[in-house]
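For the protein sequence lines, the chains are A and B, in the order given.
With numbering that gives the first Met the number 0 applied, the first sequence covers 0 to 301.
With numbering that gives the first Met the number 0 applied, the second sequence covers 0 to 274.
By construction, these hints were calculated from the structure, which means they are not laboratory data.
A couple of the hints might just be wrong.
[Said to hold, decoys possible] Pairwise CB distance ranges (calculated):
hint : chain 1 : residue 1 : chain 2 : residue 2 : range
1    : A       : I287      : B       : R218      : 39 to 45 Å
2    : B       : R182      : A       : V291      : 38 to 44 Å
3    : A       : E158      : B       : R218      : 26 to 32 Å
4    : A       : L77       : B       : L258      : 39 to 45 Å
5    : A       : W206      : B       : T8        : 17 to 23 Å
6    : A       : V32       : B       : R182      : 23 to 29 Å
7    : A       : P247      : B       : A139      : 37 to 43 Å
8    : A       : D159      : B       : R5        : 42 to 48 Å
9    : A       : D159      : B       : N136      : 51 to 57 Å
10   : B       : L258      : A       : P205      : 31 to 37 Å
[What the hints assert, rightly or not] Which chain A residues stay away from chain B? Per the calculated CB distances, all over 12 Å, these:
hint : residue
11   : W57
12   : G59
13   : E65
14   : N74
15   : Q152
16   : D159
17   : L162
18   : P191
19   : T210
20   : E267
21   : V291
[As the list claims (entries may be wrong)] Here's a subset of chain B near chain A, in silico, CB distances under 8 Å, partners left out:
hint : residue
22   : P191
23   : V202
24   : Q261
Treat the numbers as computed from the prediction; the structure is a model and nothing was measured.
The C-beta atom is built at its ideal place from N, Cα and C for all residues, glycine as well.
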Amino acid sequence: MAPGAGRGGPGRSGRRNATALAFLGPALIVLTVFVAWPMLSALRTSFTDASGFGEAEWVGFDNYVEVFTDPDLLNAVLNTLWYTVLFTPTAVIAALALALVLNSPALPFRGLFRTALFLPFVVSLAVAAYAWTYLIDPQVGLLNHWLGGVGLQLGNVLEDPQLAMPAVALVAVWKNFGFYLVIFLAGLQDIPGTLYEAAKVDGAGPWRRFTNVTLPLLSNTMAFVVVFAMIAALQAFDQIYVMTGGGPYGNTQTIVMEIYESGFRRLELGFASALSYVLLVATLLLSIVQFVFFGRREKDAQ
Amino acid sequence: MIARIRPGTVLGTMAMLAVTAAVLLPLAIIVLTAFKPVSEVNAFPPTLLPQDWTLDNLTRIVDELPFARLVLNSFLFAGGVTVFALVFDSLAAYALARIDFTGRRTLLIAIIATLMIPFQATLVPVYQLVSDLGWVNTFAGLIAPRAADAFGIFFLRQFFLALPRDLDNAARIDGASEFRILRSIVLPNAIPALLTLAIFTFVNNWNDLLWPLIFTTEREMGTITSGLTLLTGPGGIVPYGVMMAGALVAILPLVIAFLLVQRRFIESIATTGLK
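Let's have the full structure, built from the sequences with the hints guiding it.
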C-alpha cells in the first residue's frame, strides 16, 4: 500500500488510475493480444475442424474425443508422461545431491564448480542435442565407444525403442539440472547453521540431519523446483525434434511434437488446439496440485 | 593446512571433478570437433582431441548456410525481444509495485495466471494472428508476441517492492512525475535485476528452436538455432564436423557473455523473486 492510499478525493485516485494505465498499457496490450485472446480463440478452434482453408465447421468435442481415443495421440500423451517421470526425479535428485556437495565449506573451488555445472543452462538444447547425437553415434560416437570399453554396449540408442526416450530425457537433465542446483544452493544457504548444531548435539547423524533438518526446511524450494521441472518436461520438444524426430516408431513423440506436426505440418488446427488445451490443463493442474501438496508438507514440518 | 584436509573432502572433490568433466564433455566435443578434419570426425576408434587442427568446418558452414545473416537475425530477434520486454515489463512492474490503482490485486493475479500458460499451448492461434497481420518472416512477427511477458513483470515487481521507498517518496513530495521516479530512482537501483532479466530473456530467445521454426519459413529469416536444423540431411545424415562448427558459433556468444557476468547472474537468479 502506498502512503496516502485511500485518501484524497476521486480526482486524485482518477489521476492515479490514469497514470497506472499509461504504465501498464504496452504490456497489457501485448499480453491481451498475444496470450489472452489466443487462449480463447484456441478454445473456440478446438471445437471446430479448422484447417486454415475454407470454413471451419463446429464439431463439438470430437477433437477431444480424438485426442483420447486415437492410438497415436494417446501415445503422445503417454510418452510425455513417461518423459516427465524419467526427467523430473533424475534432474531434481542430481541437482539436490550436487547442491549438498557444493554447499560443503570444505570443498575447494566451489565457485568454479558452480559455474561449470551451470554452463549447460545457457547453451541451446537444440544445439547441444547435436553434440549428444554425435557422442552416442553407434559408429563414431566417443561416449558409445568409451561405454563399450567398460562393457556397456548401447548400440544405436536413438533407434532403440527402449533407450531413445531415456536418452532424450537425459539430455534435458544435462541442460537443466544446473539451474535447479543453483536454486537449491540458495535454499540451503538460508537454513541456519544453528539448527544443524542443535541436531548434532541431540546425536543426529548426517542422514538424520538431512531428513529432519534439510529436507523439511527445503520443502518450499523443492516445491518450486519440482513444479518447474515437471512443467518443463510437459513442454519437451527441442532435443526430440533434433535427435529422434519423434521416432523410433513414435516412441519419443511428445505432446508438443504432436502440436507442431498437427498444427503446422498437417494443418489440423482444431485438433492441434484441443491438444494445446490438454497441455494447458495438465500444466495448470500440476501447478495447483503440487503447490497444495507441498504447502501442506511445509506446514507439517513447522 | 595439509593436516586439516580430510579424506571425505578429497573424495568429494574428486567426485565433483569427475561429474564436472562429464557435464562439460558435450561442450568440449563441440569445440574440439569443430577443428577436426573430416577424416578424424568420422574415424574409428573416435578420439577426443584433434590430431591436425583445421578451419575447414568453419569455412564449409559459411558455404552451406547464410551464416552471417542467421547470426545477425539471432541478435536482432533475441536483442529486440529483450529491449522491448525490459521496457514494457519495468513500466508495468512499477505500476504494480508503486502506484495504488483500482483493481491492482486482480490484475496482479491475472498476470500471475498467464505465467502458467505455456507458449506452446497458444502457438496455433498466435501463428494465425501473426499470419493475418502479414508478419510471418518478419522481425515484427518474431518479436511482437514476446514484447512483454508475465514472468518479467512479476520478477521486476518483486524486486521493486524490496527497494526502499524513502527516495521515491521524497521525490514525489518534490513534485517529480511517476515516470521520472521510475527512470531516475527505481531503475538505477534495479540494475542487477534488469541485467538478470535481460540475460535470461536474451538466452531463452537466442536458444529457442520452436518459435523461429514456426514464425520463419524463409531460410534467410531463420535464427542460428533454427538454421542449424537445416543442415540435417534427408535420411538423418548429419555432417558432424560442419554441425559442430555451427554449434560452436551458436553457443559462443552466450557462453562468453555468461562467463563475464556469471557470479552476479547465478546469485540473482537464485535469490531474487525465483524462490
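Self-check item: Violated hints, by number in ascending order, as checked against the structure
Solution: Violated hints (numbers, rising): 9, 20, 22; every other hint is consistent with the structure.
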